[in-house]
Amino acid sequence: MWRGLLVTLALWAGGALILRATVAAAEHCPSITADEALAGATEAAAWIARVQRPDGSYLYEYNAAQDAETPAYNVVRHAGVTMSLYQLAAGGVPDFLPAADRATAWMVARLYRHDDWQALQDADGGIETGASALMLAGLAQRRLATNDPTFDFVMRALARFLLAMQQADGSYLLTWDRAASAPDPRERSKYATGEAFWALALMHRLFPGEGWDAAARAVADYLSLHRDRIEQQKFPPWADQWAAYGLAEMAAWPEAASGPVLSEANVRYARSLAERFGFLVRVDSRRTDSWLSKLLHGRRARGAGIGTWVEALDSLWRLTGADGRMADMRPKVAERAVCSAGMLRDRQVSPARAATFARPDLALGAWYTDGVTRMDDQQHALSGMLRAREILASQAAARP
Amino acid sequence: MTDFLRLLVVFLAAINPAGVAFVAAAWTPERGRRVVLATGGLLAEALVLAAVFGADGLLDFLEVAPESFRLAAGIVLLVVGVQVLWGLTPSAAAGAGLSAGLFPFAIPLLAGPATLAAAVSHSVDDGEGVTLAAAGLALAVALALALQAPAAPRVLDGLSRLTGGLLVVVAAGLMVSGVRAI
Chain A
1 MWRGLLVTLA
11 LWAGGALILR
21 ATVAAAEHCP
31 SITADEALAG
41 ATEAAAWIAR
51 VQRPDGSYLY
61 EYNAAQDAET
71 PAYNVVRHAG
81 VTMSLYQLAA
91 GGVPDFLPAA
101 DRATAWMVAR
111 LYRHDDWQAL
121 QDADGGIETG
131 ASALMLAGLA
141 QRRLATNDPT
151 FDFVMRALAR
161 FLLAMQQADG
171 SYLLTWDRAA
181 SAPDPRERSK
191 YATGEAFWAL
201 ALMHRLFPGE
211 GWDAAARAVA
221 DYLSLHRDRI
231 EQQKFPPWAD
241 QWAAYGLAEM
251 AAWPEAASGP
261 VLSEANVRYA
271 RSLAERFGFL
281 VRVDSRRTDS
291 WLSKLLHGRR
301 ARGAGIGTWV
311 EALDSLWRLT
321 GADGRMADMR
331 PKVAERAVCS
341 AGMLRDRQVS
351 PARAATFARP
361 DLALGAWYTD
371 GVTRMDDQQH
381 ALSGMLRARE
391 ILASQAAARP
Chain B
1 MTDFLRLLVV
11 FLAAINPAGV
21 AFVAAAWTPE
31 RGRRVVLATG
41 GLLAEALVLA
51 AVFGADGLLD
61 FLEVAPESFR
71 LAAGIVLLVV
81 GVQVLWGLTP
91 SAAAGAGLSA
101 GLFPFAIPLL
111 AGPATLAAAV
121 SHSVDDGEGV
131 TLAAAGLALA
141 VALALALQAP
151 AAPRVLDGLS
161 RLTGGLLVVV
171 AAGLMVSGVR
181 AI
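Going down the list, the sequences are from chains A and B. Oh and the first sequence: position 371 is 371 in the numbering used here, straight run, nothing missing. Oh and the second sequence: position 55 is 55 in the numbering used here, straight run, nothing missing.
Rather than coming from a laboratory, the hints here were simulated on the basis of the structure. One or more hints might be untrue.
[Said to hold, decoys possible] Examples of chain A residues lying across from chain B (beta carbon under 7 Å, computed):
1) Met1
2) Thr8
3) Leu19
4) Val23
5) Ala24
6) Arg50
7) Arg53
8) Trp238
9) Ala239
10) Glu275
11) Arg325
12) Asp328
Cβ coordinates follow ideal geometry from the N, Cα and C atoms, glycine included.
Next comes chain A alone, as it looks inside the complex (with noise of 0.2 Å):
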């Protein structure tokens, strides 16, 4: 009888620690306040302005192994990066506003003008729907920092493109073929379209009245329903954090004072991303940088990925407060967001670490991964911990 019992206690402890090395492994959600979020956002947008070229351009990519940088660029990500220091103005840290202005100077020069609308291209005079989406959302983020209409005409221009590559049934395409002075009907980007969502939904939170927010609805509409099974993604629902913005920003909308403006589908949808953006934390936090857990758990998420995650739980918990339908979902939704900031902060080079770089100007407050950062890890982490400040302040007053 002990025997057997013996080999049976044996089998199941050998099977828990199988377990607890794979799937029940421990899960760090390093603890951060509000004032240590709105910190980290900040020193990511003192990286962001320290490394700004005097053209407007930013450092795209920095390798501290080798103390190269990448000469290559990327339109889309500089209008991100942009936005994300617009978004701490308008978050009540103005002090980068200068840098951010010098950036979309940049990107106003490089402005392509057709029929009534205008798009930000690259230097190859690519003309993609991301870049514009984004520069978009940075105007936007800079007239609620400022209240300042200098760029109002340029958003409504970007906007009239964005409705111009929109198809019937909502969604976008990639980039504007310019020869044949149409969307490009060949390619789609997981991302693209979402950033146009969020773009016209801000539109029409600053311009009501204007008729953004039927193309912001007939986005909203594809992502929540067609746009994993016509795009084939691999695991449904694509963790589009942009989406979250937009429906985010709709359920803020000025008219959702008189009933709810999403649709059921809108909810299901959301609901989806937020149980996605649940679980990329959950796995992520199990992570450390060991051989033995690169091994079991993969590598840990690089700065913008973690990010990312952050903003899109961010705008899910505003959803969860801002629609009723999404109300059971804030509890949870607020604790992995804040495990996710907790777990940004905790990655984020401090002084300390900087000290040990060849060049600590190019470390300090920024995520590097494998040695290399990238312009928009900065710029998703900064966007992700400065957006978590509301959620621990509530946090904060709730408790006792």
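With chain A held as given, fit chain B onto it using these hints.
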């Protein structure tokens, strides 16, 4: 389906009354079976109680979110379910006496890994009271059937394997829930 009924199905699948009765009929002499089963039942109930009331503390100690543990519990249920489905029931000459009540009846039949994993997971997700009530009733059903231990090994084996199949389905649901949860 109410929470209680749902959990009752989970624990009936995990405990597998037909499987317990099969072992009781095949390997426990009729004389003394009542003592063996009573001992096994009490020990199993104690283990389930410990799992239910210790669940929160256990997950805190392990630093595992309830949703992640749900996935792990689902894997445990899946492994046990597949074992039962393929007829890989524990084979031991159980004998008589209190020791047989501990092994194999309490461990691994009545309070096996599937039962204990389900107890921890559902205690955290659904509450201690309803989990304990469902597990307790499932244990009682298993003991009652084992006590009768009808001399129909093929029927019991067939029912046991069907229950194993049900456990696989329950496991799949738990795993999906663990992945899809926030």
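Regarding the hint that glutamate 275 of chain A lies at the interface with chain B, is the smallest CB-CB distance below 7 Å?
Since chain B brings a Cβ to about 5 Å from glutamate 275 of chain A, closer than 7 Å, the hint holds.
Grab the minimum C-beta distance from threonine 8 of chain A to chain B and call the hint holds if it beats 7 Å, violated otherwise.
For threonine 8 of chain A, the interface hint holds, since the closest Cβ of chain B sits about 5 Å away, which is under 7 Å.
Checking hints one by one. Is valine 23 of chain A an interface residue toward chain B, by the C-beta closer than 7 Å rule?
5 Å, holds
So, aspartate 328 of chain A near chain B? Judge it on the closest CB pair being under 7 Å.
Where the cut-off is 7 Å and the nearest Cβ of chain B is about 10 Å from aspartate 328 of chain A, the hint is violated.
Regarding the hint that alanine 239 of chain A lies at the interface with chain B, is the smallest CB-CB distance below 7 Å?
13 Å, violated
Interface hint status, arginine 50 of chain A versus chain B (Cβ within 7 Å):
37 Å, violated
Let me know if the C-beta of leucine 19 of chain A comes in closer than 7 Å to any C-beta of chain B, holds or violated.
Given a least distance of 5 Å, the restraint on leucine 19 of chain A holds.
Hint validity - methionine 1 of chain A Cβ closer than 7 Å to any chain B Cβ
5 Å, holds
Alanine 24 of chain A as an interface hint toward chain B, with CB separation required under 7 Å:
At 4 Å from the nearest chain B Cβ, alanine 24 of chain A passes the 7 Å test, so the hint holds.
Tryptophan 238 of chain A was flagged as interface toward chain B. Is the shortest Cβ-Cβ separation under 7 Å?
The hint is violated - tryptophan 238 of chain A has no Cβ within 7 Å of chain B, the shortest such distance being about 15 Å.
Please check whether arginine 325 of chain A passes as an interface residue: C-beta within 7 Å of a C-beta belonging to chain B.
Not OK, violated: arginine 325 of chain A not within 7 Å of chain B, min 15 Å.
Status of the hint placing arginine 53 of chain A at chain B (closest C-beta pair under 7 Å)
Because about 41 Å separates arginine 53 of chain A from the closest Cβ in chain B, which is outside the 7 Å limit, the hint is violated.
The earlier numbered hints that this structure contradicts are 6, 7, 8, 9, 11, 12.
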